[in-house]
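Chemist: Protein sequence lines, in the order shown, are assigned to chains G and P. Here our numbering is used: position 38 in the first sequence is 96, and no number is missing along the way. Here our numbering is used: position 7 in the second sequence is 65, and no number is missing along the way.
Check the hints yourself; a few may be wrong.
As the list makes no split between identical chains, a pair holds if one copy fits it or if it spans any two.
Here are the computed lysine to any residue pairs in the SDA-like style, where the Cα-Cα straight-line distance is at most 25 angstroms [as the list claims (entries may be wrong)]: (1) 261 - 168; (2) 115 - 262; (3) 236 - 211; (4) 115 - 232; (5) 236 - 116; (6) 236 - 179; (7) 115 - 236; (8) 163 - 258; (9) 236 - 114.
Source of the hints: derived by calculation from the structure; they are not laboratory data.
2 protein chains.
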Amino acid sequence: MHGYVHDEIGPDELARQEALYGPLAQAVRELADAVIRTEVPEETVREAQSEVEAITKRLREQQMESSYGIRFNADGHARAWGNAVVGLRNPVAPPLEVKRDPVGKAWSDFHLGAGYEGPPHLVHGGVAALILDQILGEAAGAGGKPGMTGTLTLRYRRGTPLGDLHAEAHIDRVEGIKTYAVGHISDAEGVTVEAEGVFILPKWAREEPATPRERFE
Amino acid sequence: MHGYVHDEIGPDELARQEALYGPLAQAVRELADAVIRTEVPEETVREAQSEVEAITKRLREQQMESSYGIRFNADGHARAWGNAVVGLRNPVAPPLEVKRDPVGKAWSDFHLGAGYEGPPHLVHGGVAALILDQILGEAAGAGGKPGMTGTLTLRYRRGTPLGDLHAEAHIDRVEGIKTYAVGHISDAEGVTVEAEGVFILPKWAREEPATPRERFE
Numbered sequence: 059m060h061g062y063v064h065d066e067i068g069p070d071e072l073a074r075q076e077a078l079y080g081p082l083a084q085a086v087r088e089l090a091d092a093v094i095r096t097e098v099p100e101e102t103v104r105e106a107q108s109e110v111e112a113i114t115k116r117l118r119e120q121q122m123e124s125s126y127g128i129r130f131n132a133d134g135h136a137r138a139w140g141n142a143v144v145g146l147r148n149p150v151a152p153p154l155e156v157k158r159d160p161v162g163k164a165w166s167d168f169h170l171g172a173g174y175e176g177p178p179h180l181v182h183g184g185v186a187a188l189i190l191d192q193i194l195g196e197a198a199g200a201g202g203k204p205g206m207t208g209t210l211t212l213r214y215r216r217g218t219p220l221g222d223l224h225a226e227a228h229i230d231r232v233e234g235i236k237t238y239a240v241g242h243i244s245d246a247e248g249v250t251v252e253a254e255g256v257f258i259l260p261k262w263a264r265e266e267p268a269t270p271r272e273r274f275e
Numbered sequence: 059m060h061g062y063v064h065d066e067i068g069p070d071e072l073a074r075q076e077a078l079y080g081p082l083a084q085a086v087r088e089l090a091d092a093v094i095r096t097e098v099p100e101e102t103v104r105e106a107q108s109e110v111e112a113i114t115k116r117l118r119e120q121q122m123e124s125s126y127g128i129r130f131n132a133d134g135h136a137r138a139w140g141n142a143v144v145g146l147r148n149p150v151a152p153p154l155e156v157k158r159d160p161v162g163k164a165w166s167d168f169h170l171g172a173g174y175e176g177p178p179h180l181v182h183g184g185v186a187a188l189i190l191d192q193i194l195g196e197a198a199g200a201g202g203k204p205g206m207t208g209t210l211t212l213r214y215r216r217g218t219p220l221g222d223l224h225a226e227a228h229i230d231r232v233e234g235i236k237t238y239a240v241g242h243i244s245d246a247e248g249v250t251v252e253a254e255g256v257f258i259l260p261k262w263a264r265e266e267p268a269t270p271r272e273r274f275e
């Protein structure tokens, strides 16, 4: 399928790529935070811009034609390294490290800084939705029914402060190709945003046995 | 209010800051895209990482204590330059340029690249939610009732391809402090994701006259 790449790299090559691209992406996340918050003199800002443009030019000398897609290792596990929530190589992603339990649960402890702001010092309501879509989808996938999001409903109980946060989700029920998942985001004081979602098994997966598998969205 | 800064800069200073920080953030957006897609030799990647870290260090020599918050110009308009969807200074934001009509409409034409991927070559379902939260909220604000998101419901009709997209929303109805807004994202072939949201006028705004004003989330 378009965008699913079976490069089937082995464990050594996987470790090499993780150690190479992970720290680069993390460095760019830090840079993005600094760009929002810097108060250095104008000349320093302009120099930074020129240097960033030069680095980008060098990195683009050889590059993939489009986005990262999903790539499969030799062991069958997938790398969603371009994913906007969990992508190891994606500086837009916080990124979340998501834990999964095959009973149909997923959870993550993570930190959101200045780049995820909506109202002052609060997480953007849409960023909460972004994260919950991923966590609910991972719970559905952990339970054996990966899916594309069909519907997603968010209830905002109060503002979510930027900083250290937790998200979790579990499967509520499965009806044929539809998996219903529920979850929430919380800070140290309790739940801030609740979510429920319906995840629909894609057509290409319906003939396969319903074994636990990774979710790629 | 905490995080709302009345620095009340004039038009010249506003123009200077836009011309300074806008291109820097755009350069970092390009860099983030290159980090996801690069295939240059390992040594070039490592050099890029060191250089990025050095730039970040210099930018951090003087910086705001936390996130950008909302800042007000001399003319009363707000700058949400740290916002995760529309922030001029935020490399995480695409950013969207949102048009508004005081009848209670908001819309935007925008481009999403490799950093916003979920399934291969498709927009992450949560990114669609992120953008629709902003656009629906802006429609509510354009119509005179700014608000924090109360609830948000997304219906995914089909996958949204990465690339050139459109989003729009309008106020469906207002009931006291609650503004109901509806909208969608579309590509050249039509609607991909529909949304409806309830936006609740914050307590601090309830005593003020309900004139059209900007929405800050």
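Chemist: Confirm or reject each hint.
Modeler: How the hints compare with the structure:
no. : hint      : result
1   : 261 - 168 : neither (33 angstroms within a copy, 30 angstroms between copies)
2   : 115 - 262 : neither (38 angstroms within a copy, 47 angstroms between copies)
3   : 236 - 211 : both (15 angstroms within a copy, 17 angstroms between copies)
4   : 115 - 232 : neither (48 angstroms within a copy, 50 angstroms between copies)
5   : 236 - 116 : neither (45 angstroms within a copy, 51 angstroms between copies)
6   : 236 - 179 : between (37 angstroms within a copy, 23 angstroms between copies)
7   : 115 - 236 : neither (45 angstroms within a copy, 48 angstroms between copies)
8   : 163 - 258 : within (17 angstroms within a copy, 32 angstroms between copies)
9   : 236 - 114 : neither (42 angstroms within a copy, 45 angstroms between copies)
Consistency note: the structure conflicts with the earlier hints numbered 1, 2, 4, 5, 7 and 9.
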